[in-house]
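Protein chains in written order, with the working numbering: chain S, 468 to 830; chain B, 98 to 326.
Treat the hints as calculated values from the structure; they're not laboratory data. Where hints are given, some of them may not hold.
[To be verified] Result set (SDA-like, lysine to any residue): computed pairs, CA atoms no more than 25 Å apart in a straight line:
#, chain 1, residue 1, chain 2, residue 2
1, B, Lys137, S, Val541
2, B, Lys137, S, Pro579
3, S, Lys547, B, Ile126
4, S, Lys547, B, Ser135
[To be verified] Computed footprint of chain B on chain S; a stretch qualifies when at least three of its residues, placed anywhere within it, have a C-beta under 8 Å from a C-beta of chain B:
#, region
5, 503 to 511
6, 542 to 552
Built from N, CA and C at the ideal position, the CB exists for glycine as well.
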Amino acid sequence: MIDARIVKRLPAAQGGDPFELNVHLRSESPVTVLLGASGAGKTLTLNCLAGFAHPDEGRILVQDQLFFDAAAGVHLAPQKRRCGYIFQDHALFPHMTVRQNLRFAIQSSPPPRPGRLERHRRIQEMLEAFELADLSNRQPHELSGGQKQRASIARALVIQPRLLLLDEPTRGLDARLRASFYQILLSTKAKLKVPMIVVTHALDECFELADTVCVIDRGRLLQTGPKEQVIARPGSVELARLLGIYNLLPAEITHLDPGRKLSRLRLAGQEIEGPYLPATLRGDSGWLCVPRHELKVLPYPPQAGDNQLLLEVASSSVTARGVQLEFANGLVAEVSQSDYEDLRGSRELRVAVPRGAVHFLAR
Amino acid sequence: MGTLSGIDWFPLWLSLRVAALATAAVLVIGTWVAYMLSHKTFRGKDLIDSLITLPLVLPPTVLGYYLLVLLSRSSPLGHVYESIFGQPLVFTWQAAVVAAFLHSAPLFIKAVRAALESIDHRYELAAHSLGASELRTFFFVTLPLARNSLSALAALCFARALGDFGVTIMLAGNIPGRTQTLSVAIYDAVESGNGGLARVLVIIVSLAAIAILWPANWLARRTKPGIAG
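Could you put the whole structure together from the sequences, leaning on the hints where they help?
Right under this line is the structure:
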């Protein structure tokens with residue numbers, strides 16, 4: 468259980484504005500992901516949890532241990548918090564071998580410190596669990612990227628931390644190493660039951676790892692909750708923009724039918740159906756929020772189908788995953804390269820919007 | 098060898114002893130001061146930084162004069178020294194150690210501070226997060242990571258301590274067989290028209306400097322490991 472209310476003010480950097488972090492994190496999940504753009508205050512939050520930064524106000528409680536309480540004047544030193552911290556680029560001590568890195572960690576760990584035999588057993592156990600036993604006498608510069616990752620997690624876990632903090636752990640890694648890193652983390656989560664807080668700006672990483680997602684933007688917590696809820700139903704236009712996978716188009720509610728659990732939205736003269744929208748009124752205006760990948764683009768004119776918009780193509784661009792089409796009303800959809808071949812040449816296309824994907828954000 | 102046999106080697110041995118003691122003192126005190134300046138924020142830090150730079154810009158005679166006043170038998174500090182060691186400090190070989198210390202410490206502190214500041218701070222944070230105290234982190238992480246720079250700077254410090262003249266002659270004087278260091282002996286030899294002796298001593302000092310600087314430069318050039326390595 469993590470309950471952290473953190474207020475930290477930073478003076479203005481050269482030419483910038485002063486920054487204020489003001490967040491209240493509460494999570495009982497095994498993996499909590501702090502998601503946000505760079506400069507949002509994610510790493511600062513992590514540093515306050517680890518004790519590297521001193522909040523101006525607030526209270527941090529982790530697993531029934533009080534780390535910080537501004538009102539009571541409590542600030543537990545980082546050495547006493549027992550927080551494993553995984554840095555970007557790992558920060559393995561370059562002058563020590565892998566085994567020495569682990570030994571330094573266990574000999575430094577806060578009391579009660581294990582005895583000599585127990586220390587040896589735990590180091591050996593970690594080396595074997597992370598497939599490092601054959602590499603234990605190598606120095607970090609003799610390890611591959613993936614091996615360094617494993618060594619840095621093993622070093623953090625050998626002190627049996629209360630909490631594992633990970634700061635953008637896969638930044639700069641290729642897709643294959645990222646995937647293997649997720650595997651390591653998820654198996655660690657299953658085996659060791661150490662709660663983890665992962666900082667990232669990558670939505671895919673968030674989806675892969677998170678149980679609970681906390682979205683931070685400009686020092687504020689925008690939304691917190693289970694990942695399915697936060698990502699499928701963002702609570703504000705701000706959050707939807709930040710996540711960057713949605714179409715946001717101005718829309719107005721023209722019809723609400725609680726009996727059939729349906730609603731109708733009008734956008735730019737055309738109407739589509741969506742699920743019933745509780746706590747809204749007919750005539751409310753706001754934004755239609757629908758993920759880009761949920762849209763299906765169909766050629767025009769063939770069959771008139773269900774819940775479709777007739778739209779004029781404004782531009783198309785090739786992406787790694789296929790072709791991105793931008794329509795005159797600002798809507799963006801993605802299609803595969805082969806589907807695009809069938810659509811090419813038409814100025815107007817039909818875009819099918821699945822009813823379940825329709826999400827309305829009031830203004 | 099005929100000419101060398103008549104030379105009094107005392108100044109060389111004294112200089113080596115003075116430089117070694119001064120370097121040892123600079124290594125301990127200087128590294129501590131450099132660590133405090135690079136890692137801590139405290140009131141008066143800028144003032145201390147300026148005071149450390151002062152010996153680099155003041156004429157040695159001015160510095161020597163200050164020290165004479167500060168450490169003379171009638172001063173409180175000189176009095177304390179005399180009551181502990183049973184003899185005054187000024188005009189002894191120990192005063193030459195003080196002079197050599199002041200001659201070499203400022204550059205050492207400035208360079209070590211820069212070296213400590215250039216170490217990636219995340220290594221120290223990592224050690225703290227694992228539970229290592231500040232002292233343990235310093236000895237097992239910070240110091241080993243700075244060891245190449247520190248060894249090179251210690252060698253430079255020794256070379257500089259070997260060569261002090263101005264403050265030494267003010268504070269320790271020029272007493273042959275007691276406080277006459279190598280650089281003072283060279284001055285003495287030139288003054289008394291003993292060109293042969295001066296030449297031999299000059300060559301010794303120059304060779305010693307090269308012998309120290311060469312490996313020091315090699316050490317300093319060795320790249321320190323980066324965090325991404």
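How the hints compare with the structure:
no., hint, verdict
1, B:Lys137 / S:Val541, "holds (21 Å)"
2, B:Lys137 / S:Pro579, "violated (29 Å)"
3, S:Lys547 / B:Ile126, "violated (29 Å)"
4, S:Lys547 / B:Ser135, "holds (24 Å)"
5, 503 to 511, "violated (count 0)"
6, 542 to 552, "holds (count 9)"
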